[in-house]
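Asker: Could you put the whole structure together from the sequences, leaning on the hints where they help?
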Amino acid sequence: MAVGTVATRGRAARRRWSQTALGSWVTTADHKRIGIMYIYTGIFFFFIGGIEAALIRLQLARPDGTVLSPEAYDQVFTMHGTTMIFLFVMPTMAGFGNYLVPLMIGARDMAFPRLNALGYWLLFAGGLFLYSSFLFGAAPNAGWFSYAPLTEATPTCLANQVGTLSAQAQAQLAANAAAAGGAGCFGAGANMDFWIIGINLLGVASLVGALNFVVTILRMRAPGMTINRMPLFAWMTMITSFLLIFALPSLTVASVLLLFDRHLGTHFYQAGAGGDPLLWQHLFWSFGHPEVYVLILPAFGMVSEILPVFAGKPIFGYTFVAWSGVAIGFLSFTVWAHHMFAVGLPTIAQAFFASTTTMIAIPTAVKIFNWVATLYGGRLRFTTAMLFATGFIAMFLIGGLNGAALGVVPFDYQITDTYFVVSHIHYVLFGGAAMAIFGGVFYWFPKMSGRLLDETLGKVQFWLMLVGMNLAFFPMHILGLLGMPRRQYTYPPNLGWDGLNLTSSIGVAVLVVAFLVFLFNYAKTMLTAPVNAPGDPWDGFTLEWATTSPPPAHNFDTIPVVRGRRPMWDQKHPELADWRTAVH
Amino acid sequence: MRFRAKMRRWAGVALLALLASVVLSACEKSPSVLDPAGPIATSEANIFWFILGLSTLIFVVVTAVLLYSVFRFRARPDSPAPRQIHGNTKIEIAWTVAPSVILFIVLGITIGTMFALAQPADANTVRVRAVAHQWWWEFQYTAPNGQTVDVADELHMPVGTVVEISLFSDNVIHSMWVPELGGKTDVIPGHDNKMWLKADKAGRYRGECAEYCGTQHAHMDFVAVAEDSGTFQTWLTGQQAAVQKPANGTPDANALAVFQSAGCSGCHVINGISPANIRLIGPNLTHFGSRGLIAGGVLDNNPANLRQWILHAQQVKDGSDMPSFDGSVPTVNGGKALTSDQLDSLVNYLESLQ
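If you're matching them up, the sequences are chains A and B in order.
Here the first sequence is numbered in my numbering, starting from 95 and rising by one per residue.
Here the second sequence is numbered in my numbering, starting from 537 and rising by one per residue.
Derived from the structure by calculation, the hints contain no laboratory data.
Since this is a predicted model, take the numbers as computed values, not measurements.
Any given hint could be a false lead.
Rough simulated footprint, nothing fancy, chain B against chain A, three-plus residues with beta-carbon under 8 Å [claimed, not checked]: (1) 161-173; (2) 368-377.
Part of the chain B face toward chain A, derived, beta carbon under 8 Å [what the hints assert, rightly or not]: (3) 631; (4) 724; (5) 793.
Simulated DEER-style distance windows between Cβ atoms [said to hold, decoys possible]: (6) 475/A / 634/B: 46 to 56 Å; (7) 134/A / 828/B: 48 to 58 Å; (8) 828/B / 614/A: 47 to 57 Å; (9) 615/B / 642/A: 25 to 35 Å.
The C-beta atom is built at its ideal place from N, Cα and C for all residues, glycine as well.
Answerer: This is how it looks when you write it as structure tokens:
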């Protein structure tokens, strides 16, 4: 690019704000910088969500805990879930996607760089908005899925809260509430308004990003990179983006209807006035279940990149790994009511959702087998990234198995809404998504920063995380079976729950230490490690390793021409190149 | 590497701690799904053991191959360059079909059990209406003579008989759950959900609200009392009796005067004493003394706890509709705390309502 010209003009003119260190980040439309900002934001909110997790586990470490008031606990557990899903996993995955997809497919940037920046800044605004609720003592408090009518209010009762109603209006309000029965004011206060508006800001951010990914992946691949030669991470990002495009509208509709109920006096979810609380659940989970795969599919993609490189052989069954992702994508829109087996659906409808849930387990199992087969017969180099990717397989396997158990409807009647479900989601999202993210951080950190993270500290962090997460989340299976419902701010002694809860809290303490080890590693690397990482430090396969670390603004001096699924392998082993030995 | 050995030792300690906490927890009585006391819970527990066995088998096999690969194929200085295998369609088909077969067998069992559990096995049922409040459970029985019996925090049921429960809420969504007797069913405004339970042996089983329903979700418990048919009938008959108005000047009459003047009667009904059209906000107290739990299952029913509850309800259960009668709220009892004498007479009287 015309670096010389810009520099000359810069010297002559006044130094513009967009050329200062901060300004250049704020105004950037470079996919790599935006990607890095996404990842920083995600890890920051992982830290915040982790503090919330620690508060929850402090409160529950002993029976009759008094660390948090019930009201505070409700806000903390709601924000923990909302943060980890919408502000940690989604932005971090979007960050890796932003950084890596253009590099992996041999493009110079995303299709719409400014839209890309808009997506990031909407996320930033949404996160800030959600967290500003704490300043007003009104953080969302109805759980991350915010079931109506606990979230309901009417314009009059909200006005009454602020104290703007006359005595006459108050009397009328009381009379109305008594007459309407279900049309109560259970979600009084601004808590849910913060949630609705915050979530919608984040939703638009995700939608913008998703559209950008789809166009980038479909239109901007390097010459020779057919869809079937695309890295699996790009595949999974594409599927994820389609899921977001089709699932998010459902959340938008659900939450806007709730906003209407609260502020315009409609009654979509108010049984007493002819609405139906179950409408919320159907709309929410129509978004919510595809969302679960939005969180985990990019993790599948990362692991499918890391495992082959450190095994020294290609991914086993590329086509099956890619297309099982597509199958999961389609099926994920048909399973939503398995979150609702206890709501009293007709048995035949429950049987339908049990069947689709069974079906979605099949492509997931296929993926796990392919990852194991990728390791089999390889030459395994256990770097930190590889440890995380391998740990991911085992932990996600547990999350998959206990998830399949939740699809066994009669058993689900017993354990839905208990700590068993909490255990399941954490094996999937912590053992799955978070393990993959840390694997990805160690793997791509040299590419992004030009520096290599400390491998010994990384391994300490991995083992602490593996032990910590099992201590924290395995006992929750048993707690659920022993009858402990989720979302209780406290529990009485003598029910056999004390020891398991304490163990779980100790596990979270170990996880906190693991995260501190990571922060120390990061700080140490950024402050002391030289910027000298080679372009291809891991003997990688895909195109991001074909350029320098970190890459120049334009990514590649010449756009590479691709002849197979592993362009870097082909380049390093011309006699064994995939296009000579394999057909695709 | 010494580091690795140390890590292994720590992992061992962690595993021991986990096992110890499981063993320790076995000494106390939990409302355990795996300790079934009725046909539904038994069938659900059986399906759990089956799934657990199957899952464990799958986990062990997959993890064994994973660990074998990890140790066998770990890179060593003399490791040969790995063969570049891209896949094998036959193997892919095999491991697509194998889990499909297993999963569809599980699905068959699932659907079979679901339909078996959907309808109660016999027609001779006791009907109960469960009303979920924020945050306590009300249970209404209709006696053979048509009279309604209204109880709080206690679900009485005869052993060996199907109890059909209609679930009603006029506030938020709750979920009724007695782990030892069977799975849960949500209580949703506008939906006439029903569930059935049956106890095979007499006992007191912990019941809970399982759906997050607001601040005091943690304190919305009840007890399912399964008793033999005779005891149940005696109980039901006893609960139908109205309270006799005490004679003027007796301690009971004084207690009732407090009940009226302090404002208790604005929310609570005592059959035979209260006017007929009171809007019931708190539990019906007609046979209060016969109950085992108070305050939405939070406290055992004894005079000391009742005193504590009346005086400091908001400390015991922050956010509940029951106000503290300790003078802290100007609109409650004119902002005056109940005197010790008033409390004593009220507690004695309520506990005497057997």
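Asker: When the hints from earlier in the document are held up against this structure, which numbers fail?
Answerer: When the structure is compared with the hints, numbers 5 and 6 turn out to be violated.
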